[in-house]
Amino acid sequence: MGRKLLLDKAHIENIRLYDVYRREGGYRSVEKALKTMTPDAVTDEVKKSGLRGRGGAGFPTGMKWGFLAKPAGVPRYLVVNADESEPGTFKDRYLMEFIPHLLIEGMITSSYALGSNRSYIYIRGEYAWIVDILDQAIQEAKNNGWLGKNILGSGFDCEIYIQRGAGAYICGEETALLESLEGKRGNPRIKPPFPAVRGLWDCPTVVNNVETIAAVVPIINDGGEEYAKIGIGKSTGTKLISACGNIKKQGVYEIEMNISVEEFIYSDEYCGGIGNDRKLKACIPGGSSVPILPANLLLKTSKGENRMMTYESLADGGFASGSMMGSGGFIVLDDTQCVVRHTYTLARFYRHESCGQCSPCREGTGWMEKILLNIENGKGKMTDIDLLWDIQRKIEGNTICPLGDAAAWPVAAAIRHFRDEFEWHITNPDDAQRRNFGLANYAEPLKVVV
Amino acid sequence: MADELKKEAPANFKVTIDNITVEVTPGTTILNAARQIGGDVTPPAMCYYSKLQGSGGKCRTCLVEVAAGSIADPRPMPKLVASCRTNVMDGMVVKNITSDRVQEARAGVVELLLINHPLDCPICDQAGECHLQDLGYEHGKAGTRYEFKRRTFEKEDIGPYIQLHMTRCILCYRCTYVADQLTNQRVHGILDRGDHAEISTYISKAIDNDFSGNMIDVCPVGALTDKTFRFKNRVWFTKPVDAHRDCDKCCGKVTLWERGDEVLRVTARKDEWGEVQSYEGKPGWICNTCRFDKKHVTDWVIEGPATINRHSVISQGKYTGLQIPKETISEVMGGRDPKLLMDIHSISDVNSVEIASLPGPATSNTYEKKEQ
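Residue numbers (our numbering), protein chains in the order written: chain A, 1 to 450; chain B, 451 to 822.
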């Protein structure tokens, strides 16, 4: 049984309420930080823990906090990115819905470390009911003196505000989020300057994922070194994985980053194996924008080692034979699933969510979607596959924000690992179409590339 | 633009672009450093406009490769960077036309820009001075691989003088910056997102201010056109003439585009990058009165032929940069002057007949009769 740091109390009844949360040892980290530590000491503790950003990029949080410019007389801001819109990722929702006080507690401690007197939660617009839960939690924290002026007599003031988004995936990109928070159109900004220097209202800002901020609580409670003992190498601590797709037990799991992918999929403690006892075909290990991996490369790296659930191991082999940890949206496909249809669905999503600011992403995502729809419907040509490959290469790396990359990678990986399935769609247009309407004979699925 | 930058205080950052080293002031972008060099090494810019704050970074045509970041940190940058929004560092080495990666990426951007563009140049008023035409000519391919229906929009009138043809738009955002920065009424912006994003006003409100016409000047394509000039003439048939008048709203320095004595169009004066020229550090935007109402030669003090030094169709047959090729035939012929060859018209029958005096069209008989 793996150790749990974030969700260990999530099962307790009414943990959502302040009284229960406090009784279970909540807000200890705020007491410890504000009474016994300096802000820099809190940052050092986070650096020692080796905590890495849980939003997708995996950038070391302590280093990010260290980059924060601290000019005199200029306010600094902490913004929590709760705009969780990646298909397959729903870990933050679980965290905020069941233990909202953990996020509030982490925010107060982090705000103290960063010197932010006004902190924001930018939450996805569709999470309307979670806004109410968080509102209540903030109100309770305020009533009990954890927010407001002069918290615990330390002279530190902190207020937390919630801002709802209006349903745009792009607003999860940190600079687009800041634009949206300022009340503008959610277009990503051109970097540099980075938010650590000029962020919200041109002031230094740190934007962190919900899970990252929540992880600050156990780090301060138990010490950074204790936290760093969990996990392998530079992947320290625990990670929330939202597993979905063709597995027996879908849901949010907290794992120590030292288990193998095979254990995660097949052990009864976690996913419990593939649904209906079918064969594993492919998996997207980190949310829809990371490359898809076929079963053989998912369980073993190209060097023949067991693939572990860590940042390094999942990225082993680069994009040729690896993938990414991403945000932890674990999507499993069994052998009845069609990779072309799956890729088309993702392409459609990225086309819909592209902000339209820079041309490669605006035009390229739409083009890819149309070609994929053609192939899926059995109207494709062999040259379309190479064309798709060419388009994704023209998008990747040439855009302002990572959305262009996120749109290009799934298409690239699907062609790289499942090219024969694309070709099957083109050479067997009738079967492809029948399959589309659920009429195909699923008893003989496509051969999985081994 | 280039002249302005040179005047600025001591240049002390050395940057090498395509093996040409230039000294620029700190804070200059790579694009502006390349413009100081000029010529082929200057990356094309569809969305960047030096007179508009915050513009640039969107079209991705100005991508360049940074082979060495600076003297202090000579590592290359992993991704191609947008030269219009990246500041130079001392000792930076930039590759533009010498980099295959850049050329490939740029060709890709051009292809993507053109997939939803209607390519209706034959009926477009911008043809001849269109940045997208130039870009497509320089970096595009002859054919397209796009086989789907192109995105279209209805034409829309924004204000009494300007028509928006959204189908042609490449979403460079320049016009929204004009509305933001030249006037204090922000009346238009971008609606929707992705490839269905469009420039529009707030629920069919007209854009109604004295400087709205400058949107036409900044538009790199034919999306915003002057309704007083629509379908009047092709730009390469018109004669650009510099003129000025005393205007209480703007600088009053304009280019008149004439055909005969008729003023067909009035625009601000543009520099070699297709941007509005600056006077004493201020961009020479012009007001709507000058642009749309003063359409008579007597309204203006004519200064003389306008200099057109953009490398586009409109520069053809205009007054600057015209180089008459040196006559080399006598050198080739070893000093002999090939009289017969060159003076064929003086001995030809064609010129000996007064065609205007003939009752009907000239035929071969006309000349044969003359010979008899």
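No wet-lab data here; the hints were simulated from the structure.
Do not rely on the hints blindly, as some may be mistaken.
As a list, the in silico DSS-like pairs of lysine-lysine whose alpha-carbon atoms are at most 25 angstroms apart [stated by the list, open to error]:
id : chain 1 : residue 1 : chain 2 : residue 2
1  : A       : Lys370    : B       : Lys591
2  : B       : Lys464    : A       : Lys191
3  : B       : Lys689    : A       : Lys381
4  : A       : Lys370    : B       : Lys744
5  : A       : Lys379    : B       : Lys599
6  : B       : Lys744    : B       : Lys732
7  : B       : Lys745    : A       : Lys381
List of violated hint numbers, smallest to largest = Numbers 3, 4, 7 - these are the hints that the structure violates, sorted from lowest upward.
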